[in-house]
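Asker: Sequence:
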Amino acid sequence: MSSGAQPWIRICQDIIANGKRGTKKQCLREAESALLRRRSVVIDRCNIDIKQRQDFLELAARLRVNCHAVVLNLPASLCIQRASHRVAHEGGLNAGNASQIINRVFRSRRLPSLSEGFFRITLCRTDADVEKATEEYRVLDHSKLLGAGLFGPVNKKEIRPLQLAGITAIDDSNSPPGTNKEELARTQSVVAAKQQILKDHLPRVGVIGTSQHMSSVDEQQEETNTLAFPSISTADFQFDHYKASTILVESVSEFLLKNPNAGLKLMLVDIGSKSHMLSLVKKKATELNVDSYRFTFFTGDITKIRSSGGPPCNVLANATNWRLKAGGGGVNAAIFKAAGPELEEATRKVATTLLPGSSIVVPLSPSSPLRKEEGVTHVIHVLGPNMNPQRPNCLADDYVEGCKILRNAYASLFENFASLFQTKPMVVDNCKRVDTGSTNQKPKLNAFQVLMQASKRKGEVGDISLKREKGEKVRVIEDSITCSGGDHTESGITQTHGQANLPSEMNSISRESMNGHGPKNLLSRENAEAKVHDIRAGGLQGRDKVERKWDKWTLALYKLALHPDESKLLQVTDAAVVLYDLYPKAKKHVLVLSRKQGLDALEDARQEHIALLEHMHSLGEKWAASFLKEDSSLVFRAGYHSVPSMKQLHLHVVSQDFDSACLKNKKHWNSFTTPFFRDSLDIIDELKTHGRVDNCGERAEKALQELELRCHRCRSIQPNMPRLKAHILACTQPLFNSTHLITVDSVNGV
Numbered sequence: 001m002s003s004g005a006q007p008w009i010r011i012c013q014d015i016i017a018n019g020k021r022g023t024k025k026q027c028l029r030e031a032e033s034a035l036l037r038r039r040s041v042v043i044d045r046c047n048i049d050i051k052q053r054q055d056f057l058e059l060a061a062r063l064r065v066n067c068h069a070v071v072l073n074l075p076a077s078l079c080i081q082r083a084s085h086r087v088a089h090e091g092g093l094n095a096g097n098a099s100q101i102i103n104r105v106f107r108s109r110r111l112p113s114l115s116e117g118f119f120r121i122t123l124c125r126t127d128a129d130v131e132k133a134t135e136e137y138r139v140l141d142h143s144k145l146l147g148a149g150l151f152g153p154v155n156k157k158e159i160r161p162l163q164l165a166g167i168t169a170i171d172d173s174n175s176p177p178g179t180n181k182e183e184l185a186r187t188q189s190v191v192a193a194k195q196q197i198l199k200d201h202l203p204r205v206g207v208i209g210t211s212q213h214m215s216s217v218d219e220q221q222e223e224t225n226t227l228a229f230p231s232i233s234t235a236d237f238q239f240d241h242y243k244a245s246t247i248l249v250e251s252v253s254e255f256l257l258k259n260p261n262a263g264l265k266l267m268l269v270d271i272g273s274k275s276h277m278l279s280l281v282k283k284k285a286t287e288l289n290v291d292s293y294r295f296t297f298f299t300g301d302i303t304k305i306r307s308s309g310g311p312p313c314n315v316l317a318n319a320t321n322w323r324l325k326a327g328g329g330g331v332n333a334a335i336f337k338a339a340g341p342e343l344e345e346a347t348r349k350v351a352t353t354l355l356p357g358s359s360i361v362v363p364l365s366p367s368s369p370l371r372k373e374e375g376v377t378h379v380i381h382v383l384g385p386n387m388n389p390q391r392p393n394c395l396a397d398d399y400v401e402g403c404k405i406l407r408n409a410y411a412s413l414f415e416n417f418a419s420l421f422q423t424k425p426m427v428v429d430n431c432k433r434v435d436t437g438s439t440n441q442k443p444k445l446n447a448f449q450v451l452m453q454a455s456k457r458k459g460e461v462g463d464i465s466l467k468r469e470k471g472e473k474v475r476v477i478e479d480s481i482t483c484s485g486g487d488h489t490e491s492g493i494t495q496t497h498g499q500a501n502l503p504s505e506m507n508s509i510s511r512e513s514m515n516g517h518g519p520k521n522l523l524s525r526e527n528a529e530a531k532v533h534d535i536r537a538g539g540l541q542g543r544d545k546v547e548r549k550w551d552k553w554t555l556a557l558y559k560l561a562l563h564p565d566e567s568k569l570l571q572v573t574d575a576a577v578v579l580y581d582l583y584p585k586a587k588k589h590v591l592v593l594s595r596k597q598g599l600d601a602l603e604d605a606r607q608e609h610i611a612l613l614e615h616m617h618s619l620g621e622k623w624a625a626s627f628l629k630e631d632s633s634l635v636f637r638a639g640y641h642s643v644p645s646m647k648q649l650h651l652h653v654v655s656q657d658f659d660s661a662c663l664k665n666k667k668h669w670n671s672f673t674t675p676f677f678r679d680s681l682d683i684i685d686e687l688k689t690h691g692r693v694d695n696c697g698e699r700a701e702k703a704l705q706e707l708e709l710r711c712h713r714c715r716s717i718q719p720n721m722p723r724l725k726a727h728i729l730a731c732t733q734p735l736f737n738s739t740h741l742i743t744v745d746s747v748n749g750v
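Residues 1 to 750 (the UniProt record's numbering) make up the sequence shown, in order.
Please keep in mind that the hints were generated in silico from the structure rather than gathered at the bench.
Where a beta carbon is used, it is the ideal one built from N, C-alpha and C, also for glycine.
Treat the hints with care, as some may be off.
What the hints assert, rightly or not - Distance ranges between label pairs, derived from CB positions:
id	residue 1	residue 2	range
1	R107	T732	51 to 61 Å
2	T732	K559	37 to 47 Å
3	D745	T126	34 to 44 Å
4	G330	V105	24 to 34 Å
5	T126	G300	55 to 65 Å
6	K325	G749	51 to 61 Å
Unchecked claim - Quick list of in silico lysine-lysine cross-link-like pairs, DSS-like style, CA-CA up to 27 Å:
id	residue 1	residue 2
7	K337	K283
8	K587	K568
9	K404	K325
10	K725	K629
11	K349	K629
12	K25	K284
13	K337	K325
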């Protein structure tokens, strides 16, 4: 594997502790570190049962990479024979104890199944099988792809455990070595619907469990996310089953049509296989020809889907009560009990009550049993209509209103589910939120659009907001992002009231926060990719450079680059200068400023500037390394804002803690944590490939405003900045924007 087309790291528990036997936690820690450095990983340990494999599968799911298993399914006698000839084996499995240990392993081993979360399983029974599998992974590079499913010869004795995983096993015991019925295996795995097959592309890096290997490709993948939900209001709230089943199926069908992305799946869960409601829904779904791959059914406990052999479901819907409290029996009581006190605490942070027909999303803490044992990351509380006179808010058989509320409930539930993986705001209008002491103000209009309408030109201006005067005019005021809350200076631009009648979604935004196309795994991949593609398609690519107007306050960096004042700088070279950001957005935040005249922003960069940008990046890495010597826990990103507010190209090197009093508002946050912050190395690669950097222009600004406040680690949505800042201080999830991070390991070349 060391001679392969891409970097691999072997992690062996027998030698992980400085050449001595270590623990699984050490293996997990090393695997996570390697994956964040964009290395593919081989986990070299027995992994003989589900429990031993589970933590590695959860790590892969958390980092959004696929997990492959290569099973060395050799006869016990052959293993004992080979072990008896070993001398000084690193794991201590030598002739004296080999027979006893191997027999114990074979008695307790359980073959891996796709339902555990594996993307691909390869079974090897001979040396030829092992060599073939090794060669498949050795030659993998960023352009090659291994298919999903179960591959390799299967013994008849192994058919039963594989069938329990939802796979009809292939009996190839009499086939020549290396026989591989790939197409049949792939078809069976899809029909079984017992796995989380991620279509189209594999992720950049991978982790492999069970004596195994994993691939990596250049394209980002479309991930599968499943919402498991019960029928709403049909149990304790006594809603008519026929009406409810019709509304449910129609709502599902509408959602699937609106969201053609196959990565979003729905699964109806019912405790009993003979459920009247379940049979009605199945019948109506067949009549409406609903996609049976994306809308499936599960019979059993909704809180034990994965552990009972069901497909992975990362989001659960809870048919809750208006008080959002545990109790009452049924699904609500079961989910609160399974999730532990963490769910109650997290729910209280989001809302205290809920109105019928609405829903709210609650992220589960990593310490929640439901997350640790079942892989559930979010619970969506949803409240439907009540027809039971013994319960609050009874509609007294008013099915006109009841049907309306039930449709709204499903629509809200599905929309909130989609919002977790798409750039759409969550629906929380009908819930009473926890008072945070802040008020929601109407967003300011985007005055850039005003100027566009006024002059019909593509020029760009500094940060602006609109202030309405008494008459028919709107006065434009500049607002520097780098000094939020600072003095405003009046501009000489006016616009009539009629011309300033802009779409409500065009919110005021700082140009410093209109950032480039950064790492693709920060947001949900399919939508970040689509958003960036749309933005690039609508940019100014291929057109002549547009002359911009730079206001006085935007020239501070420009003047400093041309006439460096060493008393204010960290470092000065012939090509660049390094200085602290005056308003840092994290514990450590420096700027690397180009000294080349005429290089105002990314859109000015061309192939002849590659050496300069590489020099700027090396300076950024140097200063990040110096900060890491002071605090090794820091993690840095180096990148550019695609549409900066300050003249003169400058590179941000910012630690990812974002612990700073200067980080005050949404535009600050989104300017560093969305795909509009472009990694330095990505920019250099783009210049080498295309000779220029795509200009995003106004559409980037608009797209940025559509993004909600999301944690840059766990991607949970936060309602406001105080809540977000409190959350990110406590969040322990790994960074999603893991591409090109500068860490202690990367600096040391690990």
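Asker: Each hint should be assessed against the structure and marked as holding or not.
Answerer: Against the structure, the hints:
1. In this structure the supplied range 51 to 61 Å is violated for R107 paired with T732, their Cβ-Cβ distance being about 37 Å.
2. For T732 and K559, the Cβ-Cβ distance of about 43 Å falls inside the hinted range of 37 to 47 Å, so the restraint holds.
3. Taken as a hint, the range 34 to 44 Å holds for the pair D745 and T126, whose Cβ atoms sit roughly 38 Å apart.
4. Checked against the hint of 24 to 34 Å, the C-beta distance between G330 and V105 comes to roughly 43 Å, which is inconsistent with it.
5. The supplied range of 55 to 65 Å is broken by T126 and G300, whose beta-carbon atoms lie about 39 Å from each other.
6. Between K325 and G749, the C-beta spacing of about 54 Å keeps the proposed range 51 to 61 Å intact.
7. Between K337 and K283 the CA atoms are separated by roughly 32 Å; this puts the pair beyond 27 Å, and the hint is violated.
8. Between K587 and K568 the alpha-carbon distance is near 19 Å, which keeps this suggested pair within the 27 Å criterion.
9. With a CA separation close to 24 Å, the supplied pair K404 and K325 stays within the 27 Å bound.
10. Between K725 and K629 the alpha-carbon distance is near 26 Å, which keeps this suggested pair within the 27 Å criterion.
11. For the hint linking K349 to K629, the alpha-carbon distance of about 37 Å lies beyond 27 Å, and the restraint is violated.
12. Between K25 and K284 the CA atoms are separated by roughly 48 Å; this puts the pair beyond 27 Å, and the hint is violated.
13. Between K337 and K325 the alpha-carbon distance is near 11 Å, which keeps this suggested pair within the 27 Å criterion.
Against the hints set out earlier in the document, violations occur for numbers 1, 4, 5, 7, 11, 12.
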